[in-house]
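J.: Chains A and B, in that order, give the protein sequences.
Add 7 to the 1-based position in the first sequence for my numbering, that's all there is to it.
Add 26 to the 1-based position in the second sequence for my numbering, that's all there is to it.
The hints are simulated quantities; they were obtained by calculation from the structure and are not laboratory data.
Backbone N, C-alpha and C fix where the C-beta goes; we use that ideal spot for every residue, glycine too.
Don't take every hint at face value.
[To be verified] Partial selection, computed: residues in chain B whose CB lies under 10 Å from chain A:
no., residue
1, Leu-87
2, Thr-405
3, Lys-407
4, Ile-410
5, Ala-411
6, Ile-423
7, Pro-424
8, Ala-425
9, Leu-652
10, Glu-656
11, Glu-723
12, Arg-726
13, Asp-748
14, Gln-750
15, Asp-765
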Amino acid sequence: MALEIDIPRLAIMGHPNAGKSSVVATLTENDRIAIDKRAGTTTESDFYPVIIDGQTVIEFIDTPGFQNPSAILEWFQAHGDLPDLAGAFVQAHRDDPLFAHDCALLAPVGAGAGIILVVDGSKRIKEKDRIEIELLRLTARPRMAILNNLTNQPRHLHQWQDALNKAFNSVREFNAHRATYAERIKLLSALKNIDQRWEPRLEQTIDAFARDWERRTDQAATTILELLRESLGYRYSQCIKNSLLVFKSGQARAKAQVMQSFGDGLRALEAKAQGQIRANFRHNVWNLAPDSILGQDLLSEEVNKALGISRSQLALAGIAAGAASGATIDLATAGTSLGAAAFLGAAAGGALGYMGGRALAKLDIEKDAGTQRFTVGPVANPKFPFILLDRIILYSARAMNWSHGRQAADEDAPDRVADKEITAKGFTEALSLPQQRELARFFSAARRGKFYDREDSCRELIKGILRDVAEARIDSRANL
Amino acid sequence: MNPGHSDPPNHGAATDGRETDRWTVADLIDLEYYLGEDEDALRTDPSARNALTERDRTLYLERIAPAIGTTAPHTTGHRRLSLRRWLHERRAAEPPEQRLLLPGSTFTQAQRLTMLGLAVIGVLIGSGAASALLSYDGQRPINVAWYLFLLVFVQFLLIGGATLGWLVRRSRPVDRMSQDLTLLGRLIRPLITRVSHWLLRQHLAATRQEVTDRTASQVGRLRSQYVLYGPVAFLPMLIPAQVFGVAFNVGVILTTIALESFTDLAFGWGTALDLTPAFIHDLARAIAWPWRWLFGEGIGYPTVEQVAGSRSLLKDPLFVLNAAHLRSWRWFLMLAVFTYGLLPRLLLLGASLLAQRRLLARLPFTQGRTQALYARLLTPKVAIATHGGGHGPEMPIPAPVTHHGPLARPIAGSATRAAAAPVPMTPPPSEAREVAPESAAGPEAEAIEHPGTPLPVAVAIPSAAPPAEPPPPAHAVISAYDLDRHSGRDAGIQATDGNLSAGMDAQNRGQGRDDDQGPAHDRSVEPVTGDWAKRPPQPQTAAIPDHATGPTVAPEPERIPAPTLEPALEPEPEPVPEPEPEPEPTPEPEPEPAPEPAPAPEPLAIGGGEVPGGIAAAACLLLVQLDVDELIEAADRPRLAELVHALTGWQVAASASFGSGSAMTAGVVDWVEGQRWQDPPARVALIMDGSQPPITENLRFLRELRAAAGTQAQILLALVGDPQDDDPLPPIRAFDFTDWRRKIDQLVDPYLRLEPLTPADGAGEA
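If we strip away everything but chain A, and leave its shape as in the complex, we get (with noise of 0.2 Å):
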């Protein structure tokens, strides 16, 4: 089975744990390869081809761990004078179950594939590394090694540098369970070292790969915008008979229920956007941290506090006065002007009517004829649109910086790779006055239902965060 040499493959291997599936997750955005923190989950090796348009570029292959190194490095080291040593391996000892792992690792190379060895660059070298290495360096097959450190133990990155760059084309730290975009492209790129005549296939695959990406980022944007649109744009309103407003607490108890529904409608909305961008991201599985902002309630006051820009800010952007924007009756004024001294405290609770100390919308009620109508909306808080744009922002960094070799990270193990610190607070808040400005003229005219016709400038400074996360250029905020 001669492959075309133009076709680059990548048998990633290493010997059993040491992450080659989450490698190979991560490389190929693909989180439903079986990942197992138990050693040996992969027992077969598995073709994950990159197709563009309808054509193989390259093709990553999972392979089993080591089984049997020494016997391998004694067998090739006695027949040091084979053309292909890893194939005539695989010949020799087909039909012995005891080498059957090893010969569905040595296939794809003896078929020439080239090779990334998975190391844990967290452990120290043992024999069997060593045994592992000089055995892939009798393949004399193109290449590459990382090290694939997945805990925050440095001291033995050194001694493997020196060990595998004596025997590997190319050594790279590759964290398969923190990897970002900008790593993996990186990462391919340094493929391109290690053959080059798998130059060409590589650029097209990581130019198909960054267009891919820009194309996902232009589409989060557009969800994104959506999602400030409809919220924004969102009211909720409900008839309620007169006779069940007769006292004061039934009135207190349909304003209640007409803020819940109305908060419910626009963390709906956020879900709806939220499962875009995750699908648009490729992740089906997924864990927030448990005390991410993301859990958190979008209304909670612990949100507001976190997110969006602060008050100078607002000021400065010229929308403190937001509910001046429209003819906003906050709730206060409604709880008169239902004719009872029910003061809205009482009414709204607290938490949804209220964000930093401003009612989050207005609520109108129509009499008519034995009933009455409430609505709510649109969203007159000022601050409301740039908390939410803040949080799916992060949930799209989130999203982004997930990487899909993660699934099987021990998120427990105490010397695990940190995720990155906290530097600020929201993203908007980073954004200069004019840009601020920008995304108000669009809330404002999003709140009005309008067209906004400067739309175009806002998307672009959307993209360019989200670019910026991607390339981590700015922090994720990956612990918010």
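Given the coordinates of chain A, work out where chain B should sit on it, guided by the hints.
T.: Relative to chain A, chain B alone:
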């Protein structure tokens, strides 16, 4: 997802194919229509995005790219061509009856009909106006001034204004105004829309119901489309207006000519002002300036006499005037309308058409919606397929191995049973299982006995020499290294240096192994191991002296003990039964920590590598995996022995390292096999690095060892974790341990015990 394929009536394609870069307003409308349709699809179902991406990319690759040729992507030319081609493909994909209903073609028809209608109306109005103005009752002449004023001057002003507006259209306010206020905007656009709707209804009436339903929902979209693309949207309205103007003038001219040809008309002029005929003549001459060169005085415009002669005065009756003079204005009027009415209109019409074409040719198609489409066309479809589910056969578990060498014999001899003899060579684990019970039955008794033996030992140790360390292992190993250096024969041992050179050594080993086939070879290996074996004895013998010197430093004592010890040991074996344990305990504690003595060549001399006098009942062989061994320093050896003791109650009689290459493995296995045991079922303690998952190689080693040591030999497999700090023997992670547990269980070896070497909590101390 490319319906264009199965669409034979592609007659449009041939013509369309070559001039794909030409855009028409109808194309724009259709483009917008399709973009809108796609957007609607996305809005209702965001997951449709993939389908769209797929469709557009496929279209691009299969139909568009081949048609476009070599134009570089991301240039304006490429974008225009691609989009135009895309539109063509989309249209071709429509069922034929729907294709007529596309808003673009509807618009084209509507525009054509509107223009035709306007032209007819223009001609009618023109001729109406002309005939009204030229009505001659024979009483008084037709007033030239009225004719000129209404049909030439007013019209010319309108045209001039329109032209001016067009020229300054780039200035914003004018642009705004012209869009909102012009007659065109107000009148013609709705007109076209009406006509389109009417047309659609006509078409719809003739089509099937389903088509009707589908299209009816799209009609609404038409309304908003005329505003798109700036001036391009404006021109389609301007052009019919020009057509109307042209038609109007044509009507006027034709009527004028007709009336003049078939009736005798008298033209005159009058004024209450003090204007001389000469002035009027000059005026007429000035007006006639454009055609003066062609039709001179007397034809193109009246002479002074004619002007004077056509002046009508209230007091004079018509017949006073010269009929020839009265007729002299006829061509002047016609030429004035032609020059100032028709020609500018024609020019404007031409200019509009030209402008439209230029604007269309310059559209960059960079607005958001087309950008998205263009990106979809150009973005490669990236898919990653998955072949295989990652689950093949489980990791192979090696079958039990049988040794037929001399190794099994000693045990068989001294004890009642033959080691592994019964075990067949068959690979499948199932057989292994069958075997296990068998052997288990017999040995059980013995197995029970063994536990007995250690106990005393355990007791003994504390009492004997708790502080003392069991350094022997250390000595053993180190001595082994030295030996290697001396002998240079045993590659396996060299490997213990932990160099990368292992590979090269392996070759030597391989050869060595080949030679080793016979028992003789085993011997050859054994010398080395023998050293280790030798060592242990030393401690034992040393026991007595050590006790005395116990606390004192290790190094010196060893020397002395070594020789003396042997005798001490020998006696012990005789009392084969359990009781003996006591002696051994005492030895180990001994401290002979000092490794240095070990190198002594003497051990070499001792052939066979057996622990002299056999291994005491409470003692064991300690095998340390290379990865662990290379980290353990002399000072840690006692602790290691102690940990082993804590787990088993055994003392370490001798130790060796293993784990690199088959020669080394064989050496170790032979060494174990060559031992004599005072209390037969052998006892072997293995220290392995548990942070590396178990692999077949490890399991095979365990099988080999089992074969060498005997079916019922007690084997302890103690796992250590990966050192994170200075502690070389950290506890193993629970997770790794379970991993090992699963594999070891599959070996079905009832005499193999798996334990973490260090308890999980108390890491450092021991």
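J.: Now tell me if each hint is right for this structure.
T.: A quick look at each hint next to the structure:
{"no.": "1", "hint": "Leu-87", "result": "holds (6 Å)"}
{"no.": "2", "hint": "Thr-405", "result": "holds (5 Å)"}
{"no.": "3", "hint": "Lys-407", "result": "holds (5 Å)"}
{"no.": "4", "hint": "Ile-410", "result": "holds (4 Å)"}
{"no.": "5", "hint": "Ala-411", "result": "holds (5 Å)"}
{"no.": "6", "hint": "Ile-423", "result": "holds (9 Å)"}
{"no.": "7", "hint": "Pro-424", "result": "holds (6 Å)"}
{"no.": "8", "hint": "Ala-425", "result": "holds (9 Å)"}
{"no.": "9", "hint": "Leu-652", "result": "holds (5 Å)"}
{"no.": "10", "hint": "Glu-656", "result": "holds (8 Å)"}
{"no.": "11", "hint": "Glu-723", "result": "holds (5 Å)"}
{"no.": "12", "hint": "Arg-726", "result": "holds (7 Å)"}
{"no.": "13", "hint": "Asp-748", "result": "holds (5 Å)"}
{"no.": "14", "hint": "Gln-750", "result": "holds (7 Å)"}
{"no.": "15", "hint": "Asp-765", "result": "holds (5 Å)"}
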